[in-house]
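S.K.: So you can see what is in the structure, the chains are spelled out below.
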Amino acid sequence: MVKQLFFKLKQKCFFSILFLAFTVFQVHAQQNISGEVVDENDVGIPGANVIVKGTTTGSVTDFDGNFSISASPTDVLVISYLGYITQSITVGNQTSIKVTLVQDTAQLDEIVVIGYGTAKKSDVTGAVSQITAKSYEDQPLSRVEEALQGRAAGVTVAKSSGAPGAAIKVRVRGSNSITGNNAPLVVVDGIIGGDLSSLNPNDIASMDVLKDASATAIYGSRGSNGVILVTTKKGSGESKISLDFFTGISTVPNLIPTLNAADFAKIENLRRIRSGGNEIFTDSEISGFENTGGTNYQDLLFQTGITNNLQLSANGSEGKIRYFLSGNYVNQEGIVINTGYEKYSIRANTNAKINDKLKIGLNLFASRAETKNDIDIFGRFQGSEIIKALTWDPTTPLFDENGEYNNYSNKGLASLNYNPIANLNRSKILFINDRLDTNFNLNYNFTDNLSYTLVAGVSIINSQTEKYTTEPPLSDANFSANKVTTHQISNILTWNKIFNKHNIKLTGVYEFSGTKNRYNSFGSKDLTLSNGFYQANLGTPSILNFFSEGAIQSYMGRGEYIFDQKLFLTATVRIDESSVFRPGKRTGTFPSVALAYSLNDLIENVKAFNELKIRVGWGQVGNQSVNPYTTFPTNGAGSQYSFDGSSPTPGSSPIGYGNPELTWETTTQKNIGVDLAFFSGRANLSVDYFNKNTTDLLLKVPVPDTNGGGTILKNIGEVENKGLDIALSGSIIENDNFNWNSTLSISHVKNKVLDLGGEQSIEGGFNSTDGQSRIWNVVEIGKPLGQFQGYTFLGTWKTSEAAEAAVLGQIPGNAKYLRDSNGDYVVSAIGNGTPTFLWGFNNTVTYKNWDLNVFLQGVHGFDVYNTVKGAIVGGTGNHRSFLAVEQLNQWTPTNETEIPAGGQNEYGSSRYVEDGSFIRLSNLTIGYNFKDILGLNSLKVYAGGQNLFLITDYSGYDPEHTSRPSDSTGNSFDNSGNPSDDGANVDVAAGIDTGSYPNPRTVTLGVKIDF
Amino acid sequence: MNKIKIFKNNIIACICMTFALISCADLDEDPSISNLAPGAYSSQEELELGVTGIYGKLRDASQWTSFYVTGFGGDDITTHKVSNKIDFRAFDIRSVNGANSKTVGVWKDVYAMIRTANLVLESAEDLVLSDASVKDRLLGEVYFLRGTLFFHLARTHGRIPLPLTSEPDFEIALSSQLEVYEQIESDLLLAEKLLPSIYPDVNAGAPRPNSGSARAILARLYMDWAGFPLKDNTRYNLAASSAKQVIDNAGSHGFGLLDDLEDLWSLNNRFNKESVWSISYCVTCGTPNRKYGKLGHPGDLLGWQETFAEIKFFEDFPEGPRKEATYRTDYDWENFSDQVTPVFKKIVGPGDEISLDDFDTNRNDFYMRYAEVLLIYAEASGRSGNVTTEAWESLNKIRRRAEGLPFDEPNAIVDVTSGDIAELAFAERKWEFAGEFIRWNDLVRMERVEEALSDRVPRVSRNAAGELVQVQNEIIGSLGTDNYFAPIPTREIILNPNLDN
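Heads up: the sequence lines are chains A and B, in that order. First residue of the first sequence? That's 63 in my numbering, and the numbers climb one at a time after it. First residue of the second sequence? That's 104 in my numbering, and the numbers climb one at a time after it.
There may be inaccurate statements among the hints.
Said to hold, decoys possible - Pairs of lysine-lysine, PhoX-like flavour, derived with a Cα cap of 25 Å:
{"hint": "1", "chain 1": "A", "residue 1": "Lys-419", "chain 2": "A", "residue 2": "Lys-182"}
{"hint": "2", "chain 1": "A", "residue 1": "Lys-669", "chain 2": "A", "residue 2": "Lys-762"}
{"hint": "3", "chain 1": "A", "residue 1": "Lys-776", "chain 2": "B", "residue 2": "Lys-211"}
{"hint": "4", "chain 1": "A", "residue 1": "Lys-196", "chain 2": "A", "residue 2": "Lys-231"}
{"hint": "5", "chain 1": "A", "residue 1": "Lys-762", "chain 2": "B", "residue 2": "Lys-211"}
{"hint": "6", "chain 1": "A", "residue 1": "Lys-762", "chain 2": "A", "residue 2": "Lys-776"}
Unchecked claim - With the C-beta cut set under 10 Å, the calculated list includes, among others, these residues of chain A facing chain B:
{"hint": "7", "residue": "Tyr-691"}
{"hint": "8", "residue": "Ser-701"}
{"hint": "9", "residue": "Lys-762"}
{"hint": "10", "residue": "Gly-771"}
{"hint": "11", "residue": "Leu-818"}
{"hint": "12", "residue": "Glu-821"}
{"hint": "13", "residue": "Tyr-887"}
{"hint": "14", "residue": "Glu-968"}
For the record, the hints were derived by calculation from the structure and aren't laboratory data. Yeah, the Cβ is synthetic: ideal placement off N, Cα and C, and Gly gets one too.
Model the full structure from these sequences, guided by the hints.
M.R.: Next up, the structure:
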């Protein structure tokens, strides 16, 4: 089709061809010219284009940079190579020409990886954001995700918790899927399915985020959440060794106020008397607390954490070999006692040029990460260890008179859970994640125009959890190991030809990949001795295992056409076949087309503007995040029963229903964008508007409990995301001594549920942590995903309403909630946790040898369900007593405030919905560069801080966090029996705080040396 | 040049080979690697797995107090007055709505078991085993469980839907009360026929039901059938004859009374002959019982304060060994600082057998006790006008044991031989089964809810300051028959309007 189009265009360009013909008539006697293209270091540049200006005659330099071409003396040779300034040389009477190309530092950043190939940024037709190492090299980073945060318009990065090593949520242009995964696809050096958290930020040369469907359609069924293409560094030039070491000191930024022991005791007495009980503390006990102050478990929970991060890398080229070798060691102590994270990683990227036509490369990456005491793996049935510490009884000391931990509140007050300090100090949960990524690539040029690339990758991910927990009376040991092996083979054929003003590039791909997942676990309950995990044989064992595998086979074609650097057209189609669907349902076709047009001519006379380009794109992409075997009804052997009361007998029961009709979730996206460069390229502006419509939504449709309950995964429903991405960057000040570079990225996303297959709303899967088995989230038509579900709080029952209250079993001073006409509580949507507006403002200022990085970010337009506060207020369930400071001002008959003195305290109510908007100083770093010192290439010393301030009205630790739902077992399984660690899609339950790990405030000090 | 050409050819061959690897992407799934294949059974083991699967789901449901939440309506049981027990409290104060998470949960659990049971019956249809009695016995258990579970739910909601196949019928309607009872009867009769008189190789207390277990539950069914709402008095005959049949064959079923009530609730005795069907638990197997211990203690004793005793009922309870075996009379409950109510020994256990920390226990549920069979016989005999000396003896056995006397030895002071045996037996049930979550059903079938629940105000219990303690959880809902049955879960009606009655 593209060829046809080209043919038509060719006809239309008749006059151009005529003009060409005239030039040909003017041709003088041809002669053979040989030459060499070198870089500034006099090293030959292989693969540079040499074209006789105004003709289709061209040549490409060989591995040593040599070329030969026929040209006449009047011809002008145009020598170009990506990343270098193009040169034009008149042949004259030379027969041997040596050309030195100078690196174009401005243009170097502008090679964009577009998947199965690269393009010049100026040629790109889709919505792509690029982040290069340069933009974050002044910020001390341990995580790749932090480099993305606030730097790419349209990309949302939210830390789920401040725990070292914790998951970081990355979203591109909102969330489409209610049931499926909304995480973008990560492709590392061409291998699909990478994991940002395992990568070393220092290894990354660039990250290109494909945002609209015209760009992501080449990833077909896996492209609907956006694609992050990670390119790792390659060696070049002289050998260079770099060392970067920083140390950080982290603390909890703020503490949440709770009642002191004496006030707590007084209020507890009042609470008991109010409901017909008796005082529990005597006056002398209370005055005792006034003297000692009691025990603040929040203080005991936190510590100062030290982080050490060491980076070492060597890179360079030696003959035909290029290499980049790096090692990274991170050791982070958490700000919560006895928590931490340790990671080692190594990378070896080597490339060799075998001959003129053949290049091969091998990238190896291995990492081991160990997370100690991830608080999310502790039992969360009544909230996290953080909630437990916040709600623990201040009148019970940490230790009893024998120096043993007080495991529970002495008087059964406040939190009834196991002492969180004892739990964290005595338990040991190790999550160990080993990863090996191998990536072999080969490139063979058949002709100057046609090349073949093979990318073959194998990954082995071995993660295991060793869990030793000490909750009385007896300790338990649990183990689980998940081994995931994946392979991918991609065959890429590329044909590229330039005919005068026409530049055509065709790419064809055949690819297949597979995944095997082996899960094995054992549990050992009630160990007779508390000697740790490796005496698990002292308990009663249980076993669970699971296997699954999946495969995808794909064909992809792409045509890129550029006319006169004015018109840019890209059309792609990808066909995916996935094993998770049945025959007939498993093939998906995902097309896209995008057009860009340069209006540089239009602004030629406007001095301020240099470049203006308009981009329009349309495409369809899929989401196949369906677990293997979902289309089959399953009969699980998971249930057990003990007929004799001492040994288990296995039993089977049906799990799920299976839906053979299941197929892809499809997202259709339209994108319109404008790129503008002004003030001689000192400033750049990109604005993109997008409209994403996801249909055939994978939705867990509830089956009536009467018919067996549970859900069937079906393709119904529709979700829409509309928004605006704005990226503005520029050099505000540019002179010899003083430079100020700024980038501002702004994203606005509006998410709306359009259809739920006939239902007005469906409940989410976020189980409450109040022990009442409530669901705290709901999806509603016409509203964004992630609605909070709960009661509407109306303050307190007043004395004047005593009669009305009595009918409902209430007395004045009790909490009052909205009820319907039957007197039943109204449960409805009461807030939303999905932000609508995000921005990041990154500034780098250099003055002589000094440099300064200031990075601010803001997130606005969302609520947080502060159920932590609900638990602190307490007075119900397992948080039995009032602990909130506001209880000092609670309702009394003479002072009828809106703070209840009794009655049902619903954590899931509008009383605890707060505005979550915030502005954060994410990074502030000042560095000094020593020049010509100690024979080093460079030496830089820097100091700074992360999360130095946070402006927000939110009363908890940090509004950015999303917590995990209540989960009593620690391991849950989905309909098909696949292990899943979470009952809820985090995007449908955004902004629910059930006691997440606070985000630390960190002060860092570091040094960077280049040898 | 030639070399390059060969090399080029090799490369092309390589590419062709790679393309030939198409078979590498195996796109057809085999779900049977880590799950059992659904469909017809081909072996006894598969049938056994299926049957045990229903029990597994039963334990998952019955481990929580929620499974017996209807019992909170009785005048014997109450719950914490505030705390997060609102859905238990709703039964206590007679204000249950269709969103009550406890009834929603039990509904869901019961129908998941029914679906499993139906699937087992369908999958076993063509299975031929060399020993036909094994298949009978296993299918007998499935019919027993299905009938008993329908009955369990009907005692909460009255009319319920009756799905009898595993294929979901999304338009299934509520059956009439009569249809519900007839289906339960039919399942239990079939179970009785298929089950042996005693299940081989099991502990005492029928952890796997026998034909006597099925007959005993039938006796309970006929009592309800004869009372509210159908009031089919002819069923008292069947209740009496069913109970009599179990009594006459008690030996062969392995049923009998324990000598001392105190032994009944002891952990060591969790498998005992007084239970005609036990749901068994096993902490070390990962299948614990979570209704007892900590759940019945108040905050003062580190408890989770779920199941408490009503004060007035406690005050009225006749003094003697039975009261001692029912309550923790050693506690100074009048001076508890949070919830001021007595504590059931039946819930928290005797002495320090269950530590205050413990909520996971090995305690079994005695779904129905042999004592109830005896009292059904006495009561049904009276109500059907066919009173025999054996009926009086059945009642007197329970009375004697309540006084700490040998139940088999007549005792002139304790024994009764005249009067309204039905009412005497009915009153005996009140004390005998206090705290066992079945008093509510007695009040329903005899339409005595209003009478019983209007009499809850404490009269004699005083705290250290000499103040009369207050009743916990005032009733706010109707005590009339219109409020006897809990509403069908609202969500079910929304998904299937045919379930609205």
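S.K.: So, for every hint listed, does it hold in this structure?
M.R.: Results of checking the hints against the structure:
Distance hint between Lys-419 of chain A and Lys-182 of chain A is fulfilled; the C-alpha atoms sit about 23 Å from each other, no more than 25 Å. Between Lys-669 of chain A and Lys-762 of chain A, the direct Cα distance comes to roughly 57 Å. Violation of the 25 Å bound is thereby established for this hinted pair. For the given pair, Lys-776 of chain A sits about 21 Å from Lys-211 of chain B by alpha-carbon distance, which is consistent with the 25 Å threshold. This hinted pair checks out: Lys-196 of chain A and Lys-231 of chain A have alpha carbons roughly 23 Å apart, not beyond 25 Å.
Distance check on the hinted pair: Lys-762 of chain A and Lys-211 of chain B sit about 17 Å apart at the alpha-carbon level, within 25 Å; holds. Distance check on the hinted pair: Lys-762 of chain A and Lys-776 of chain A sit about 6 Å apart at the alpha-carbon level, within 25 Å; holds. Using the Cβ-Cβ criterion of 10 Å, the hint placing Tyr-691 of chain A at the interface with chain B is satisfied: the shortest such distance is roughly 4 Å. Interface restraint check: Ser-701 of chain A against chain B, minimum CB-CB distance 3 Å, threshold 10 Å, status holds.
For Lys-762 of chain A, the interface hint is violated, since its Cβ never comes within 10 Å of a Cβ in chain B; the closest pair sits about 14 Å apart. A distance limit of 10 Å between C-beta atoms decides the matter here; for Gly-771 of chain A the minimum to chain B is near 5 Å, and the interface restraint holds. About 13 Å separates the beta-carbon of Leu-818 of chain A from the nearest beta-carbon of chain B, more than 10 Å, and the hint is not met. Residue-level restraint check for Glu-821 of chain A holds (minimum Cβ-Cβ distance to chain B is 9 Å; threshold 10 Å).
At a threshold of 10 Å, the smallest CB-CB gap from Tyr-887 of chain A to chain B is about 8 Å, leaving the interface hint in force. Given the 10 Å rule on beta carbons, the hint for Glu-968 of chain A holds: about 9 Å separates it from the nearest Cβ of chain B.
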